[in-house]
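Novice: From first to last, the protein sequence lines stand for chains Z and D. Residue 176 in the numbering used here sits at position 51 of the first sequence, and the numbers go up by one each step. Residue 87 in the numbering used here sits at position 34 of the second sequence, and the numbers go up by one each step.
Calculated from the structure, these hints are not laboratory results. Treat the numbers as computed from the prediction; the structure is a model and nothing was measured. A hint or two may mislead.
[What the hints assert, rightly or not] A few chain Z positions that, by computed beta-carbon distances, are all more than 10 Å from chain D:
#1 141
#2 176
#3 250
[Claimed, not checked] Listed below are several chain Z residues computed to face chain D (Cβ distance under 8 Å; list not exhaustive):
#4 182
#5 183
#6 195
#7 197
#8 215
#9 216
#10 287
C-beta atoms are modelled at their ideal positions from N, C-alpha and C, and glycine is treated no differently.
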Amino acid sequence: MSAALPFLVLGLLLIVLLILSAVWRHRFTATRYESFQDDRFFAIRHAEPLPPALAARLFGPEDREFIAKQGCASLKRLFCRQRKELGLCWLRSVRANADRLMRIHNRAAGKNFGLEPLLELKILAEYFAIHAICQILALAICVRGPNNLSRMVAYAGGLSDQLHEGIKQLLPAELAAENGSSQVYLKSGRTRS
Amino acid sequence: MPLRLTRMDVEAAREDLKNRTLSHIGSRFGRLLCLASTRDYSTGTYCHDGLAFRFSEEVAARALAEAHREEFMGLALRPLEDFVGELELYIHSVPAKPEEIIRVWQKLEPYRVAIPIDSDRITAALFLANVKIALAIVAMAESRRNYPH
Chain Z
126 MSAALPFLVL
136 GLLLIVLLIL
146 SAVWRHRFTA
156 TRYESFQDDR
166 FFAIRHAEPL
176 PPALAARLFG
186 PEDREFIAKQ
196 GCASLKRLFC
206 RQRKELGLCW
216 LRSVRANADR
226 LMRIHNRAAG
236 KNFGLEPLLE
246 LKILAEYFAI
256 HAICQILALA
266 ICVRGPNNLS
276 RMVAYAGGLS
286 DQLHEGIKQL
296 LPAELAAENG
306 SSQVYLKSGR
316 TRS
Chain D
54 MPLRLTRMDV
64 EAAREDLKNR
74 TLSHIGSRFG
84 RLLCLASTRD
94 YSTGTYCHDG
104 LAFRFSEEVA
114 ARALAEAHRE
124 EFMGLALRPL
134 EDFVGELELY
144 IHSVPAKPEE
154 IIRVWQKLEP
164 YRVAIPIDSD
174 RITAALFLAN
184 VKIALAIVAM
194 AESRRNYPH
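Pulled out of the complex, with its shape left as it was, chain Z reads as follows (with noise of 0.2 Å):
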């Protein structure tokens, strides 16, 4: 009995550092967000993914063609001025909302002990992937505007909804649920039509 006695010792002591250790997992998790009130409303107001017809829009051939149509030089010129400003403002866009999304994202992460390794580097390489894209999109639109690029454009915007929505599922149940409401409230005002 009294040569068991320090296997026991040893094997309770383990069993109370496994529960300890669960137990800070669960709070650092759970307060992983909680310390950034304002990130959080910065996350759902300003990281929202922007409308899907708009970048459809931006950079779809219909209006193009339409414009062609007209046959009006100057007209043509004004319509490509603008398309490539709005391209270079969305791409912008995306981009900034990205690196939104990191920061909260870091900044949360530095104070969380149960990274998951392999969903944090999915995570880095959809955001270095997003940067990469977005400067072969804004190459492209400032040598020849906006066109036939919809299919990168659409790429680009399928990994930036990836990144949001890989960010948001680290968010504790609740704070996911208030911020999945509030973001159905907005979207819904936006895209019923």
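Starting from the known structure of chain Z, fit chain D onto it as the hints suggest.
Specialist: Positioned in the frame of chain Z, the structure of chain D alone reads:
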């Protein structure tokens, strides 16, 4: 006890607004400008006496804000060809000379007030850009109509 704003009340107010007011306006531009005109320029709050009387001020304001946002998004994200058609329809529905309306719109840009306060920056910019292009196209069409040769 303060009145609670429910989704059902807002939906009912929106239905009422649609049936009594908006359905009598033939063009999307007309509906958009009508909704924008119910907003106070200084405070950004929406007011509609009839709707507030039937529901409440808060419900009416929410219904108007939602209808405004919906009408704006529906118009701003339309194909440019439809957008030009809508502007043309509106210009011809106003009891004034089309060329006069075009001149005033190009100079004063009153259509800027049609943008809802919470619309995203890029959609708002697209709307403004489309109005400028549409005005130029309608002006060309009017000029061809008035001076065929």
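Novice: Now tell me, hint by hint, if it's right for this structure.
Specialist: Hint-by-hint comparison with the structure:
1. 141: Non-interface label on residue 141 of chain Z holds, nearest chain D Cβ at 49 Å vs cutoff 10 Å.
2. 176: Since the minimum Cβ distance to chain D is about 7 Å, residue 176 of chain Z lies within 10 Å and the statement is violated.
3. 250: 26 Å, holds
4. 182: Cβ of residue 182 of chain Z sits 5 Å from chain D, so the hint holds.
5. 183: Holds. Min distance 7 Å.
6. 195: 6 Å, holds
7. 197: With a closest approach of 7 Å, the residue 197 of chain Z hint holds.
8. 215: Nearest chain D Cβ about 6 Å off; hint holds.
9. 216: 10 Å, violated
10. 287: With Cβ-Cβ at 20 Å, over 8 Å, it is violated.
In summary, the structure is inconsistent with hints 2, 9 and 10 from the numbered list given earlier, while agreeing with the others.
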